[in-house]
Each structure stands twice: as C-alpha cells, then as structure tokens.
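Chain by chain, the residues:
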Amino acid sequence: MKTFWPRLLATTLVPVALFVLWYVASSDSGNFFFPPLAKILAAFDKVWINAGGFGDIAISLWRLAIGFLASLIFSLVVGVVLGLSKSARDYTEPVFEFFRAIPPTVMIPVLLVVSGIGDASKIAVISFGCLWPMLLNTIEGVRSIDPVLKDTCRVYRIHGLRRLFSLTLPAAAPQIVTGMRTGLSIAIILMVISEMFASRNGMGFMIIQFQRTFSIPEMWSGILLLGLIGVLLSLLMRVVELWVLGWYERSRVR
Amino acid sequence: MADESVMEKEKAPKAALDRSDPMLAITRLRKVYQDGERSIEAIRDVTFSLEKGELVCIVGPSGAGKTTLLRCIAGLLAPTSGEVVLAGKPVAGPSPGLAVVFQEYGRSLFPWMRVRQNVELPLKASGRNAAERRRLVDESLQAVGLAGAGDAYPWQLSGGMQQRVAIARAIAYQPQVLLMDEPFASVDAQTRADLEDLVRTIWARMGMTIVFVTHDIDESVYLGGRVVVLSASPTSVMRDVTIDLGETRDQLETRASPRFGQLRSEIYALIRDAKHHRS
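Just so you know, the sequences run in chain order A and B. Numbering-wise (the working numbering), the first sequence opens with residue 39 and increments by one. Numbering-wise (the working numbering), the second sequence opens with residue 496 and increments by one.
One or more hints might be untrue.
[As the list claims (entries may be wrong)] Computed spacing ranges between beta-carbons, pair by pair:
1. B:Thr686 to A:Asp184: 50 to 58 Å
2. B:Ser557 to A:Lys188: 19 to 27 Å
3. B:Asp530 to A:Asp184: 22 to 30 Å
4. A:Arg127 to B:Glu536: 38 to 46 Å
5. B:Ser681 to A:Phe42: 50 to 58 Å
6. A:Asp184 to B:Arg754: 36 to 44 Å
7. A:Leu280 to B:Ser681: 26 to 34 Å
8. B:Thr686 to A:Phe112: 43 to 51 Å
In short, the hints are calculated from the structure, not lab data. In this text, a Cβ means the ideal position worked out from N, Cα and C, and glycines have one as well.
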C-alpha cells in the first residue's frame, strides 16, 4: 500500500486542477451560456439533491441496469451456444453484422411506436444498443478457447455444466468483460438519448427540459452529473473486473 | 508410503483384464485426413501393443504423424480404419482409463485455477468424494516434488514445474495407460533430464503403462523399455527395438555406456533412412 497515496494523487491531480481552473476562470463570466461554476454547483445542489431530481436519477439508473443486465444475460446464454457451434455461427453471423451496423438511436422512433413512451421503450433501446458488443465478444471469447484446454477437458471427460464453469466461461471471461465495458458506455449514452425523446422523466429528460427553458446552470449541472455517474459506473465495472479477472491481470503482468 | 495407495488403486482395474491380453493394442491403424477433394494419408499402417506396466517410447522423423497417432490412441481422433483396444475395450472416444500429458504444458493447465484445483478437476468430474480427492491430490503433488506448490497459480511456476503439475494431474487420475506427447520438448536441458528421471521413477513405483512420444532419439533410448520407430508419413512401424539397458537408468552412466551408444546409432540410422525414403 506504499504506492497508494502517490497513485491517488496522480489520478486526482489533473481533474482537481481542471475543476479549480474552471471555477476561477468562470467566476466573473457574464456569458449566458457559460455561467460561473459556482452557479452551476448551486443549481446542482438545488436540482439533484434537494428537489425531486433524485427520483429522476433513480429512474434513469434503473432503466440502465435492467437494459444492461437483460442484454448481458442474453449475450451469455446465446453467445456461449453460438461460440460452441460453428454451424450456428454460420447461420447467424450475417444477421448480427447487419443489426450491429444499425445505429441504435434510429431504433428509438420505431420502439416508441411499438412499446410506447414508458420505461419499456427506453429499456428496449438500451438493451438493443449494448447487446451487440457483449454478444459478439462472448461468441468470439468462447470460439477462441485454446484447443489444448479443450482437449484436456475431453481427455479427462469433463462435460456439461462442469465444463461450462471450469472452462468455457472463465476462458471467455476476458473477452466478455471487454464487451461489457463497451456495452456499458453505449448503454449510458442510450439511457440519456432515449430520455430526450418522448419522455416524462429521467436525467436525459431533465437536461433537455432545462435546455429548452434556458435554465443554463441547471442544464450544465445535469451534464456534470452524467459525467460523475459515468466515472462511478466505470469504477464499479473495474471492481467487477478485478473480481472476475484477477487471475488474468496478474498472469499478464509477469 | 503415501504413494503406495496410488499404486494399489492402479492395480484395481486389472482384474477385468485377462493376463494374456495386452494393456494397449493398436491394430492396423490408418488415418486419412479429408480436405475437400484432397485426401492426405497421415498414417498408413501402424500395429504395436503394450503389456501392462511397459514403458514404450515412440520416435519418428519430424512430421511422422506421431501426434496424429497419439490422438487416435487417446480417442480424440477417430481412425479411418483399424482399431485401438485399451484393457480389452475398443477405444471410441476419450476413455476413463487413459490420461494424456500434452506437449504444451503452459496451455494445458487452467490459468484461473490454482495447482491443487487443476489436479483435482478431473477427479471431481469422475465423481470421487472430497476426502479421496484430497488424498490423491496430495499424493500426486508429492510424487512430482510439488508438495508445497498447491496454492500457486500455474503461471507463477517455471515451465518444468508446470509440466510437473500436468504429470501430477495425470497420475492422480489413476489411468491404466498414460500417454505423453513430446512432454519435454520445450523445457531446458537440465530440467528435461530431471523430468525424464521423474517419469522413470513414477513408472517404476506405480507400475503404470506409459506411451511416451518423442522426436529425441537419446531420450527414447534412455527412457524406454522398448522403442517403436516410425517411418516418415504416411506412417508405418519401421522397427520395434527392445532396449536392454536394465531397470535402473542413470543420466551419466546409462548415457555413457557402449550399449546406449549402439542402440542410439541403430535408431538414428533407421530414422535417417526413413527421411531419405520419403516419397
């Protein structure tokens, strides 16, 4: 732990410096669109902590979690099956390439028509967007398992669920996690964008409302909040990674 | 004394086996790979057998289909014709009576599992109870000289130690036949000598039947009770040489003995001819 404090200093130095610079440089700003940071922070406190904004954060994160986890489970199940079967991959690959090429945002109007303006359409958009990186990475991770390890399992007659949990999932885990990381950042983007279209709540809705009513400090506070949530979620992702892939990272360092 | 119980276990499956039957019999084995319109004959006609408790080395020129042959014996590959019979039963897929130590030691161990878990996994799959698993893992790690390394991860160990883990995993499984596919091809010379002696020790102590595939003529003579010399591909058996160097082998004395030199030259000449006769 000798390196903890220097490392903490190194990782926080630039963000803190930028924050201070922003604070000082904007302190006497008269520009309507770039208000002083002090005003933004005051708005932050007012909107997200003291007023009802907290509920909007919860709603957004709930949609994000459901959409992301649904896609994750789907990718694991379907990805393992397809990763193990060459013929199933041959049938499905062109379709996946097509779907992956569709920008998920264009699905928003379609899904609005199909599933209304409630939670379902937002969750569907988030799921659809983050599915492809997770699914394709899972397939690739399972497909590229070392043939020597597969032979080892065959020789020692390790089958079924034991094989799945001893070989398939751990061997594919580094790729699966890569897909999850990409999927999560797409999911966050889609969470905000889906709420900017026909919606009654959520962080994206709030930000677009502030923009339309020229509540500029409030709008900036929402952007700041999204940045913070992004950082927290990527930290959370990092914890999951250390937990699932501890062996992998330590074997890489050597 | 801890190793004795591994020995006893090893004897158990023998009961089903007639005394006169070989432990492993390969008969007229042929393997043709089909690649679209083209067919490649890797193995033409291989016949040989092992009595229980024999240690037989298989050598051949590079590209002689040694690995193909071993995969057919292991049940990982179906032969085009001919058959492999293990302890009286035709092999039609990986058999519980057989373990393999692969050449690529680093890739045959599960990097997300500790050494103990690696050795234990096949035992879990074959339904041994926890107490028996613990005993077998302890005994086999001790037999390969890794009693203290059970909690390490494979990637924390040297190449030679990793191959010891793979050997421990194989002997803990208590196979009737142990196949070793050029297991020491990628370790340094000193480690290699140690591991060769380890194989001899384990073989002598546990009475295991071992097929040891190698491209190294010296290694085959040093280790084997017999050496089966393969031709170049399409492979057949050129000669089955009995190695009359006695039961105890020593890296210095055995290798320096005149008889070792004779056997070595004999096999060397065979393999050189095999290369030149390649059509």
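How the hints compare with the structure:
1. B:Thr686 to A:Asp184: 50 to 58 Å: With Cβ atoms ~23 Å apart, the hint is violated.
2. B:Ser557 to A:Lys188: 19 to 27 Å: holds (25 Å)
3. B:Asp530 to A:Asp184: 22 to 30 Å: holds (23 Å)
4. A:Arg127 to B:Glu536: 38 to 46 Å: With Cβ atoms ~31 Å apart, the hint is violated.
5. B:Ser681 to A:Phe42: 50 to 58 Å: violated (40 Å)
6. A:Asp184 to B:Arg754: 36 to 44 Å: holds (42 Å)
7. A:Leu280 to B:Ser681: 26 to 34 Å: holds (32 Å)
8. B:Thr686 to A:Phe112: 43 to 51 Å: 47 Å Cβ-Cβ, so the 43 to 51 Å window holds.
Violation of the numbered hints given earlier is confined to hints 1, 4 and 5; the remaining hints are satisfied by the structure.
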